[in-house]
Structure formats: structure tokens, C-alpha cells
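First to last, the sequence lines map onto chains A and B.
According to this note's numbering, numbering within the first sequence proceeds without interruption in unit steps and concludes at 1099.
According to this note's numbering, numbering within the second sequence proceeds without interruption in unit steps and concludes at 1099.
These are calculated hints, taken from the structure and not from any lab test.
Note that CB positions come from ideal geometry on N, CA and C, so glycine has one too.
Possibly wrong hints are sitting among the right ones.
Said to hold, decoys possible - No farther apart than 27 Å at their CA atoms in a straight line, the calculated lysine-lysine pairs in the DSS-like style are these:
(1) B:Lys1062 - A:Lys919
(2) A:Lys1066 - B:Lys915
(3) A:Lys915 - B:Lys976
Claimed, not checked - DEER-style ranges, computed between Cβ atoms:
(4) B:Gln1022 - A:Ser998: 39 to 47 Å
(5) A:Phe1097 - B:Asp1055: 26 to 34 Å
(6) B:Arg973 - A:Asn965: 28 to 36 Å
(7) A:Phe1011 - B:Lys1006: 46 to 54 Å
(8) B:Ile1010 - A:Thr921: 37 to 45 Å
(9) A:Thr964 - B:Asn1001: 40 to 48 Å
(10) B:Asp1085 - A:Thr921: 24 to 32 Å
(11) B:Gln1022 - A:Pro955: 20 to 28 Å
(12) A:Ile1032 - B:Glu970: 25 to 33 Å
Spelled out, the chains give:
Protein chains: 2
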Amino acid sequence: MSKIKIKPTVSPFPMPVAIIGAIVNNRPNFMTVAWFNRLNGNPPIWGIALGTNQFTLEGIRANKTFSINIPNTSLVEKADYCGIVSGRNVDKSKVFTIFYGELKSVPMIQECPLCLECRIYDIIELPRITLVLGEVLSTYTEDQYMSEGKLDPKKIDPFTFSQPDNKYWSLGDKVADAFTIGKTFKK
Amino acid sequence: MSKIKIKPTVSPFPMPVAIIGAIVNNRPNFMTVAWFNRLNGNPPIWGIALGTNQFTLEGIRANKTFSINIPNTSLVEKADYCGIVSGRNVDKSKVFTIFYGELKSVPMIQECPLCLECRIYDIIELPRITLVLGEVLSTYTEDQYMSEGKLDPKKIDPFTFSQPDNKYWSLGDKVADAFTIGKTFKK
């Protein structure tokens, strides 16, 4: 079928979902994002794209630290809530059970299967976005999310986000083993 | 259950998958990536994390242009192949049917549901990674991937990638409507 041109402002299909935690004005605050990914393996650096005027960003700039929390499908309502309302207007410090790791300035979410404690590595200003590069200092999970000593995606039960339809999706079936299925084509 | 600390070099769950296209040494080349996302909405800027010595990066630097192609599950074998072998050693120009949009330096993949024609916006050097920021100039799809004038994730049928288990996953069931389910919690 022939290609058609559409508006260039599309999104990847689908995007991972994380809840960013930070202390803002002495209060823990949480904000949901989908524009992020790992950018450097070792040292582990993740990039998070935040609106330049986001409330959460004020706390990240002030403390130079933040958390990245990966929610599971049971947290979808709370995660969506944290993406709808701003900490400038409402207190989101009671939405989750909070725990702390090494740093008192990094609130993390007990209910999330995976929590990363980060320190600012760099900040890059884009036209309408501040790209926060965070170096991961420590990562927290629970035995129940692991299989044979490794994080298990099916046990983590994450959800992804798609635009422009604005839907959250569960993890589907395994399609193939990476770095393996391609060897078939190679021959 | 109590939290345990694991190695900080973990990945988001799960990551989107794209195949990057570029002309390298006068030949179209394709390379599969999972460390990328949209970073700025308008203008549309996407960030792609590439190993600093990647063959594809030489072409992106030389032409200042590249493509981002979102594959569907039927392309998993070819996509994985393009993530395993380097264009430095093998000719990947015949793996897909190639088409061009506005720019002769941006090979795109006919078989992919979504193709983005990009120009370098900025390049940021990280410890072991070159973060290529690309401004999306044009986006190409087909009518068969749309519903009511919008891109439809289920019709696109993308797959995601998880580490450390190294698996590709299909899109699962709809969990909830974004910017909607959270309103319930709000009340």
C-alpha cells in the first residue's frame, strides 16, 4: 500500500511509563512521564523529558536528585492521576507509600516493582522541554519481581502508553528472543 | 515485601523498538535500537542513544539526516538481525524495501507502519554513547494503520524489548484510558 504523509508530531509505539519522584518545597511529589529511556549503559544514565515549567522540575533542580519508579498495571489509576494534576495545586505526597534509600532527597514508591535513585548528570534545554539526564545511583526491587536472579517483565507487569489514542497497554505475548531470532535471517 | 538493592544498570520496562536508517559510505544501512524516545513535542524532537563507534553514526554525522522506522511483529526477525550485525561487516541495504521522502539521504523502510524523516537537531556526547537529537521533518504511514484518522496501535502491531531477559513482546490488552482513569482517583 502507498505511504501517506501525516503530521510529524507523532510518538513512539508504545512508550514505557514511569513516575518521577522528587522533594519540592519540602514535600514529596510524584509526576508520571512517558518520554524517557535509558541513554547510557555504564555508568547508567537515563534521560527524562519534562515540561520546562513543571513543578517537579523545581525540586529536581533544587536537590539535584530524583527517583524513577516503574509502576505495574494495578497502579494505573494512581499513575494517571499523577500525570493529570500538578503538585503546584494538589498534595500528591499521600498517594503512595514512600520509602527512602541512600538519599533523604529521593522519595521512592513502595508499591512500584522497580525504583531508581538518581542524581543529575546534566540538564539540556530543548525548545519547550528540559531534558534531565540522571545517573542511577541505586536500584530497588523485590524478590517477587525476579526469576532466577533477574528482573522478570511478566512479574513486574508494567504498562505502556500510546498516543494519539491516549491508552495504556499491558505487556502482551512474547514475540521472540532478542539477539537470537535474527540469527535465522542471517543464514 | 521488603526492597532489595540490585545492580543499577537496569532498563525501563519495556522499551519501544525502532530501526534507524542512514546512508553510510553511499549505501543505505539499518540498525535496530531500543534506547530512544520522543523528547520535545513541538517542534518534534526525538532522542536516539547510539554507541559512539556505531557504523550508522558515521552516516548520520556525514549527512546530518536519518530515519526512524517503527517495525511491526512480522518484522521481528529482520529487526533483530539489524541489531545483531554491523553494516561495517555486512550489506544490510537489501533487507527491506527502501523508499525515500523529501531527502535523498534518508532511506526509509516500506514494510514499517511508521517512518520518520529526521534532521540532526543536536548531538550530545555521553560517556560511551552519542545521543543524537533529531527533528522530525516528515512522517509517513499508510491508511491501513489508522482508525478514524488517527494512528491505531493495534493496527500498527508494534513490539517492545525488555532486558535483562532479552525478549520482544507484543502489545497486550488495553489497561485504561490515559488522562481519564486518573480522574476517578481525583474524587
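Structure-based check of all given hints:
no., hint, result
1, B:Lys1062 - A:Lys919, "holds (10 Å)"
2, A:Lys1066 - B:Lys915, "holds (18 Å)"
3, A:Lys915 - B:Lys976, "holds (24 Å)"
4, B:Gln1022 - A:Ser998: 39 to 47 Å, "holds (43 Å)"
5, A:Phe1097 - B:Asp1055: 26 to 34 Å, "holds (29 Å)"
6, B:Arg973 - A:Asn965: 28 to 36 Å, "holds (33 Å)"
7, A:Phe1011 - B:Lys1006: 46 to 54 Å, "holds (53 Å)"
8, B:Ile1010 - A:Thr921: 37 to 45 Å, "violated (25 Å)"
9, A:Thr964 - B:Asn1001: 40 to 48 Å, "holds (43 Å)"
10, B:Asp1085 - A:Thr921: 24 to 32 Å, "holds (27 Å)"
11, B:Gln1022 - A:Pro955: 20 to 28 Å, "violated (39 Å)"
12, A:Ile1032 - B:Glu970: 25 to 33 Å, "holds (31 Å)"
The structure is inconsistent with the numbered hints 8, 11, although it conforms to all the rest.
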